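**Student:** Sequence:
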Amino acid sequence: MTTDETRSHGHILVVDDNRMNRIKLARMLEQQGHEVAVVENGRLALAMLGERPFDVVLLDLLMPEMDGYAVLREIKANADWRDIVVIVISALDEMDNIVRCIQMGAEDFLPKPFDPVLLKARLDTSLEKKKLRDLEKVYLQQEVRLRQSEKLATLGRLSAGVAHELNNPAAAAQRSASYLLTAIGRLQKAQLGLDMYGLSSAQEAQLTSLLQRAAEQAAQPLNLDSLTRSDRQDEIEAWLEAQQVTDCWEYAPELVAMGYDETALRRLEATFGRAQLSAVVAWISATYALFALAQEISEATGRISEIVKALKSYSYMDQAPTQQVDIHEGLDGTLAILRHKLKNGVEVVRDYGSDVPRLDAYGSELNQVWTNLIDNAIDAMSGQGQLKLQTWREGDWVVVAVTDNGPGIPEEIQAKIFDPFFTTKPPGQGTGLGLNLSYNIVVQKHNGRFTVNSQPGETRFEVRLPVGGNR
Numbered sequence: 525m526t527t528d529e530t531r532s533h534g535h536i537l538v539v540d541d542n543r544m545n546r547i548k549l550a551r552m553l554e555q556q557g558h559e560v561a562v563v564e565n566g567r568l569a570l571a572m573l574g575e576r577p578f579d580v581v582l583l584d585l586l587m588p589e590m591d592g593y594a595v596l597r598e599i600k601a602n603a604d605w606r607d608i609v610v611i612v613i614s615a616l617d618e619m620d621n622i623v624r625c626i627q628m629g630a631e632d633f634l635p636k637p638f639d640p641v642l643l644k645a646r647l648d649t650s651l652e653k654k655k656l657r658d659l660e661k662v663y664l665q666q667e668v669r670l671r672q673s674e675k676l677a678t679l680g681r682l683s684a685g686v687a688h689e690l691n692n693p694a695a696a697a698q699r700s701a702s703y704l705l706t707a708i709g710r711l712q713k714a715q716l717g718l719d720m721y722g723l724s725s726a727q728e729a730q731l732t733s734l735l736q737r738a739a740e741q742a743a744q745p746l747n748l749d750s751l752t753r754s755d756r757q758d759e760i761e762a763w764l765e766a767q768q769v770t771d772c773w774e775y776a777p778e779l780v781a782m783g784y785d786e787t788a789l790r791r792l793e794a795t796f797g798r799a800q801l802s803a804v805v806a807w808i809s810a811t812y813a814l815f816a817l818a819q820e821i822s823e824a825t826g827r828i829s830e831i832v833k834a835l836k837s838y839s840y841m842d843q844a845p846t847q848q849v850d851i852h853e854g855l856d857g858t859l860a861i862l863r864h865k866l867k868n869g870v871e872v873v874r875d876y877g878s879d880v881p882r883l884d885a886y887g888s889e890l891n892q893v894w895t896n897l898i899d900n901a902i903d904a905m906s907g908q909g910q911l912k913l914q915t916w917r918e919g920d921w922v923v924v925a926v927t928d929n930g931p932g933i934p935e936e937i938q939a940k941i942f943d944p945f946f947t948t949k950p951p952g953q954g955t956g957l958g959l960n961l962s963y964n965i966v967v968q969k970h971n972g973r974f975t976v977n978s979q980p981g982e983t984r985f986e987v988r989l990p991v992g993g994n995r
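Under the working numbering, read the sequence shown as residues 525 to 995, first letter to last.
For the record, the hints were derived by calculation from the structure and aren't laboratory data.
Here the structure is a predicted model, which is why all the values come from computation and not from measurement.
Errors might be hidden in some of the hints.
Unchecked claim - Capping the alpha-carbon separation at 30 angstroms, the derived lysine-lysine pairs in DSSO-like fashion look like this:
#	residue 1	residue 2
1	Lys654	Lys969
2	Lys969	Lys600
3	Lys548	Lys654
4	Lys644	Lys661
5	Lys600	Lys644
6	Lys867	Lys912
7	Lys833	Lys865
8	Lys912	Lys833
9	Lys940	Lys969
10	Lys969	Lys655
11	Lys644	Lys655
12	Lys867	Lys833
13	Lys548	Lys600
14	Lys969	Lys653
15	Lys548	Lys644
16	Lys865	Lys912
17	Lys600	Lys661
18	Lys969	Lys833
19	Lys654	Lys600
20	Lys644	Lys654
21	Lys653	Lys548
22	Lys969	Lys912
23	Lys969	Lys661
24	Lys655	Lys600
25	Lys912	Lys940
26	Lys600	Lys636
Said to hold, decoys possible - So the derived label-pair ranges between C-beta atoms look like this:
#	residue 1	residue 2	range
27	Val662	Gly629	19 to 27 angstroms
28	Ala743	Gly981	37 to 45 angstroms
29	His533	Gly574	17 to 25 angstroms
30	Gly877	Asp648	53 to 61 angstroms
31	Arg753	Arg791	15 to 23 angstroms
The C-beta atom is built at its ideal place from N, Cα and C for all residues, glycine as well.
Construct the entire structure; sequences and hints are all you get.
**Tutor:** Below, the structure written as structure tokens:
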């Protein structure tokens with residue numbers, strides 16, 4: 525292949541008020557394979573630039589209406605035009621004019637009358653430079669897209685588990701809320717039954733004590749196995765039936781949950797009397813049911829809140845360039861999001877240093893690093909094993925270590941794991957970008973260090989981040 529065949533051909537705009545210069549330049553450039561447009565003044569040049577793209581502008585300085593300096597200024601001030609190569613060709617060849625043009629952003633300056641050979645050389649060089657700049661821009665855009673696609677892929681992998689984690693407490697809260705009105709009705713009915721008897725001050729004090737006990741037991745219910753619970757319910761039902769208490773099958777589960785047995789019920793009968801026993805038992809049962817349902821709703825909504833907080837922590841920090849980031853919050857938030865993968869046999873050990881400061885960092889991107897490391901560790905252990913998270917300060921560095929006791933990474937591939945698109949996972953289960961992008965986030969974006977040490981039975985990834993921010 526010849527040099528002419530490999531040379532870059534461009535779209536060139538010639539701006540010159542001299543007709544002969546325009547014709548000469550256009551003919552020469554077209555013979556070299558370039559596409560050429562010509563205009564005679566600066567205003568027409570700007571109009572032409574607004575209509576179609578150009579790679580190079582060959583610009584005269586001395587023109588009517590708008591001189592070359594004004595055109596150059598407009599080109600470099602416009603975000604869509606500033607990457608266009610401008611070569612000034614002018615009879616104003618004093619050094620001051622040349623320096624001024626270069627400072628304003630011109631790529632090169634040629635005096636008139638120009639040397640065609642020199643112009644060709646400068647033009648070819650300028651087009652090659654522009655080609656490289658364009659390729660660099662495309663590369664950077666692709667890198668941004670890859671980072672975003674990997675983050676979306678990570679979020680996609682998490683979404684199913686997070687949806688499940690949200691659905692469970694949401695369903696529990698909805699179920700408990702639907703029972704709440706029934707429990708309130710039961711309590712109102714039981715209260716009316718008690719009011720009919722006119723309780724003494726001692727009995728009212730006892731009810732206050734029972735109310736407190738119901739609240740405490742609802743928050744910390746007895747942990748009984750199914751057989752023991754069933755036996756105690758049968759025992760309480762039998763005793764209540766003997767005392768002619770109606771609906772005892774409904775009260776027994778709540779009384780067992782509160783820790784009642786036959787001895788405790790006999791004490792109730794001694795305090796309130798047999799005539800009031802049925803109303804008191806109904807009141808205790810309804811009160812406990814109300815507190816238990818409220819506790820279930822509180823726990824369910826608390827879990828939802830925890831997940832939402834973790835998701836916000838994972839994503840909202842993209843809105844700020846950098847901010848003060850709590851490393852421990854990021855790790856805990858990631859664990860909360862990945863809880864669905866942890867609860868089937870992964871023991872999490874946290875060993876956080878008390879002297880670890882907040883860091884000026886890209887928080888959302890660090891969360892992506894923690895997600896990749898923790899998610900990979902869980903997968904490496906096939907969902908069962910010990911995951912250890914450690915943090916400490918070491919001089920001017922904050923160190924985060926993520927360790928699993930899986931089978932380890934074979935020595936022959938350890939040097940490749942940070943390469944783009946390298947993965948040991950089956951097809952469709954990994955992009956091969958997670959560790960590569962995590963490495964870039966730590967090393968390139970935070971000026972940190974990212975290392976791995978693996979042997980059979982243990983793999984440890986270590987992230988070091990500068991305390992002073994991105995140094």
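**Student:** Indicate, hint by hint, whether the structure satisfies it.
**Tutor:** These are the hints, each one checked on the structure:
| no. | hint | in the structure |
| --- | --- | --- |
| 1 | Lys654 <-> Lys969 | holds (26 angstroms) |
| 2 | Lys969 <-> Lys600 | holds (29 angstroms) |
| 3 | Lys548 <-> Lys654 | holds (24 angstroms) |
| 4 | Lys644 <-> Lys661 | holds (25 angstroms) |
| 5 | Lys600 <-> Lys644 | holds (23 angstroms) |
| 6 | Lys867 <-> Lys912 | holds (15 angstroms) |
| 7 | Lys833 <-> Lys865 | holds (18 angstroms) |
| 8 | Lys912 <-> Lys833 | holds (23 angstroms) |
| 9 | Lys940 <-> Lys969 | holds (21 angstroms) |
| 10 | Lys969 <-> Lys655 | holds (26 angstroms) |
| 11 | Lys644 <-> Lys655 | holds (16 angstroms) |
| 12 | Lys867 <-> Lys833 | holds (19 angstroms) |
| 13 | Lys548 <-> Lys600 | holds (27 angstroms) |
| 14 | Lys969 <-> Lys653 | holds (27 angstroms) |
| 15 | Lys548 <-> Lys644 | holds (13 angstroms) |
| 16 | Lys865 <-> Lys912 | holds (15 angstroms) |
| 17 | Lys600 <-> Lys661 | holds (17 angstroms) |
| 18 | Lys969 <-> Lys833 | holds (25 angstroms) |
| 19 | Lys654 <-> Lys600 | holds (15 angstroms) |
| 20 | Lys644 <-> Lys654 | holds (15 angstroms) |
| 21 | Lys653 <-> Lys548 | holds (25 angstroms) |
| 22 | Lys969 <-> Lys912 | holds (25 angstroms) |
| 23 | Lys969 <-> Lys661 | holds (18 angstroms) |
| 24 | Lys655 <-> Lys600 | holds (18 angstroms) |
| 25 | Lys912 <-> Lys940 | holds (24 angstroms) |
| 26 | Lys600 <-> Lys636 | holds (23 angstroms) |
| 27 | Val662 <-> Gly629: 19 to 27 angstroms | holds (22 angstroms) |
| 28 | Ala743 <-> Gly981: 37 to 45 angstroms | holds (41 angstroms) |
| 29 | His533 <-> Gly574: 17 to 25 angstroms | holds (23 angstroms) |
| 30 | Gly877 <-> Asp648: 53 to 61 angstroms | holds (59 angstroms) |
| 31 | Arg753 <-> Arg791: 15 to 23 angstroms | holds (22 angstroms) |
The structure fails none of the hints (numbered hints given earlier).
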